Each structure stands twice: as C-alpha cells, then as structure tokens.
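J.: Residue numbers (our numbering), protein chains in the order written: chain A, 250 to 404; chain B, 67 to 129.
Don't read these hints as lab results, they were simulated from the structure. Source: prediction; values computed, not measured. Please note that a few of the clues may not be correct.
Unchecked claim - In silico contact screen, one side only, chain A against chain B (beta carbon under 10 Å); selected entries: (1) V251; (2) S253; (3) K257; (4) T267; (5) P288; (6) L289; (7) T293; (8) V297.
Claimed, not checked - If you want the ones that stay clear, here's a sample from chain A, every Cβ over 10 Å from chain B, calculated: (9) K298; (10) F334; (11) I394.
Said to hold, decoys possible - List of simulated lysine-lysine pairs, BS3-like, C-alpha gap at most 27 Å: (12) A/K319 x B/K106; (13) A/K263 x A/K298; (14) B/K106 x A/K298; (15) B/K116 x A/K290; (16) A/K302 x B/K125; (17) B/K106 x A/K402; (18) A/K329 x A/K384; (19) A/K402 x A/K360; (20) A/K309 x B/K106; (21) A/K309 x B/K125; (22) B/K125 x A/K279; (23) A/K360 x A/K384; (24) B/K106 x A/K273; (25) A/K331 x A/K360; (26) B/K125 x A/K263; (27) B/K106 x A/K257; (28) B/K116 x A/K302; (29) B/K116 x A/K257; (30) A/K261 x B/K106; (31) A/K261 x B/K125; (32) B/K116 x A/K261.
Each residue gets a CB set at the ideal place from its N, CA and C atoms; glycine is no exception.
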Amino acid sequence: MVSSDHLKPGEKGKISITVNLAGKRGNVTKRIRVHSNDPLKPITILTVKMLVKNRLHLNKYNADEIFSKKCRTCHVERGKGKSGFELFRADCGMCHNGRGTAPSIMEMRKKPAKFITKAIREGVDNTVMPGFSVKNNGPLNDPQIESLIRLIKPR
Amino acid sequence: MKRVAFILFLLLVPVVAHAQPSISFETMEYDFGLMSQDNKAEHIFEFSNKGDRQLVIDKLTAS
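When you get a sec, could you build the whole thing from the sequences and use the hints?
T.: Written as structure tokens, this is what we have:
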C-alpha cells in the first residue's frame, strides 16, 4: 500500500508492506516492485525477509523439553511403535534433514558407532539433541534405538 | 551557425535531463529476523521525490 501515488518535488511518501505468516515456515523473502515514472528507476525492488517459526519454537529450549507435554504431539507421538527409517522420519528427520544445524544421516555415518550410540541414548551436551533412551527420560526403548543405530551405521 | 546550434544543444541537455522525477528510498531492504507463524509481518518503507517533476507511482507488484 502506498500513502499517496502522486508526489510533488521534495514530497515524502510511505509504502507499507504486510505479509501474512500463517502456514509459512523457514526463510521467507518477499519482493515488491514499485513502478514509477522516474525514467532512471522505472522499477525499484523492495525486499523484506524473515525466519518464520512455529510459536513453540521461538525460544531457546533445553534439549529434553521436546519430550514435555506441549511438544509431544510432534516430537514423540509420531514415532510411537515405529522403528528404523520410519522412526527416523518421525522423530529425527525434522532436525536431521541436512538443512538445519543437525547433521544428515550421511554425515553421521562417518562417526564411530560408539559415538552415535551415546548421542542417541544420552543426547549431545550444549545442543538441542536430547537423550532418547528411556533411561534418560526419553521415549525410545532399546530395540528402537538399536534400529536407528543400524540405520545410521549399516553393518 | 552550426556551432551555435551545437552549443545550444549542449546547454539544453542538462536542463532537460534534470527536469524529471526521482524516486529515492532510505532503505530498500528490511530483515524482520525471527517471526512467529501467528503474526503478521508489517513494515513501512519511506521514500521521497528528489527530482523536480511530479513523481507518479503507477503500481506495486509482489513476487
């Protein structure tokens, strides 16, 4: 929206831009082209950008908070009763997709099995990687964790 | 005579070139940073006409 579309020499104007964020996710960029009768700049491109997150993801969290009640629907329930790749897609894929800060399966494969096992069971300190084993108050039993280790490090 | 015409021409060019609107924005880019899905992102860009003819904004198109 433009405040006034006819400006005398020296006059000021405003262009307001509103982006509705419902349903948007990740990096969002919007470009607005301003067409005018300025012969040197017939088109000016205005850019707004932002990183859009779900309301629940705006804050920094301690890793194990993703097992709490308000986060379970997405971070725990979907993986119930699953194993292997299905389980990885449900519980791990949202972070380990190669796009964020968490490494992809291929990158993790380079690490020793022992390290991977420890990371999944106990989590990784100072990151949002929680410990998934029941012993660490996580949701996954031993056979499930075993299936994930097998997936990341096939023998 | 030819030369006079040429000099006249030279004198006229800057005048003609100057008589035009000139759109000028303070900034053309804005970064909202982190936003929540249930908000709207609103920003106002300020601009002015730094030329000496009327500036007309024909339209805004989004992409």
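J.: Now tell me if each hint is right for this structure.
T.: The hints, checked one at a time:
Given the 10 Å rule on beta carbons, the hint for A/V251 holds: about 5 Å separates it from the nearest Cβ of chain B. The criterion of a C-beta within 10 Å of any C-beta in chain B is met by A/S253, whose closest approach is roughly 8 Å, and the hint holds. Because the smallest distance between the Cβ of A/K257 and any Cβ of chain B comes to about 6 Å, under 10 Å, the interface hint for this residue holds. Restraint check, A/T267 versus chain B: the minimum CB separation of about 5 Å is within 10 Å; hint holds.
Among the interface hints, the one on A/P288 holds; its C-beta lies about 6 Å from the nearest C-beta in chain B, closer than the 10 Å criterion. Checking A/L289 against chain B: minimum C-beta separation of about 7 Å stays under 10 Å; hint holds. For A/T293, the interface hint holds, the least distance from its beta-carbon to any beta-carbon of chain B being 6 Å, beneath 10 Å. For A/V297, the shortest C-beta to C-beta distance to chain B is roughly 5 Å, which falls under 10 Å, so the interface hint holds.
The beta carbon of A/K298 is not kept farther than 10 Å from every beta carbon of chain B, the shortest such distance being approximately 5 Å. Here A/F334 stays apart from chain B, with its beta-carbon at least about 29 Å from theirs, past the 10 Å limit. Non-interface status of A/I394 relative to chain B is upheld: no Cβ of that chain comes within 10 Å, the nearest being about 32 Å off. At roughly 24 Å between alpha-carbon atoms, A/K319 and B/K106 fall within 27 Å of each other, so this suggested pair holds.
Annotation: proposed proximity of A/K263 to A/K298 holds, straight-line Cα distance about 19 Å (limit 27 Å). With a CA separation close to 13 Å, the supplied pair B/K106 and A/K298 stays within the 27 Å bound. Of the supplied pair hints, the one linking B/K116 and A/K290 holds, its CA atoms being roughly 12 Å apart against a limit of 27 Å. For the given pair, A/K302 sits about 31 Å from B/K125 by alpha-carbon distance, which is inconsistent with the 27 Å threshold.
Distance hint between B/K106 and A/K402 is unfulfilled; the C-alpha atoms sit about 44 Å from each other, more than 27 Å. Of the supplied pair hints, the one linking A/K329 and A/K384 holds, its CA atoms being roughly 17 Å apart against a limit of 27 Å. For the hint linking A/K402 to A/K360, the alpha-carbon distance of about 9 Å falls within 27 Å, and the restraint holds. Taking the CA atoms of A/K309 and B/K106, the gap is about 22 Å. The hint holds against a cut of 27 Å.
Restraint check for A/K309 and B/K125: the C-alpha separation of about 41 Å exceeds 27 Å, so the hint is violated. In summary, the hint linking B/K125 to A/K279 is supported, as the alpha carbons are separated by about 16 Å, within the 27 Å threshold. Only pairs whose Cα atoms come within 27 Å are accepted, and A/K360 paired with A/K384 is accepted, the gap being roughly 23 Å. Using a Cα cut-off of 27 Å, the hinted pair B/K106 and A/K273 holds, with the two alpha carbons roughly 11 Å apart.
Proposed proximity of A/K331 and A/K360 is supported: the alpha carbons are some 24 Å apart, at most 27 Å. As the CA atoms of B/K125 and A/K263 are separated by approximately 14 Å, the hinted pair is consistent with the 27 Å bound. Pair hint B/K106 plus A/K257 does not hold up; C-alpha atoms about 32 Å apart against a cutoff of 27 Å. Distance check on the hinted pair: B/K116 and A/K302 sit about 39 Å apart at the alpha-carbon level, beyond 27 Å; violated.
Distance check on the hinted pair: B/K116 and A/K257 sit about 9 Å apart at the alpha-carbon level, within 27 Å; holds. Between A/K261 and B/K106, the direct Cα distance comes to roughly 25 Å. Compliance with the 27 Å bound is thereby established for this hinted pair. Between the alpha carbons of A/K261 and B/K125 the distance comes to roughly 17 Å, so the proposed pair stays at or under 27 Å and holds. For the suggested pair B/K116 and A/K261, the alpha carbons sit about 9 Å apart, so the restraint of at most 27 Å is met.
Violation of the numbered hints given earlier is confined to hints 9, 16, 17, 21, 27, 28; the remaining hints are satisfied by the structure.
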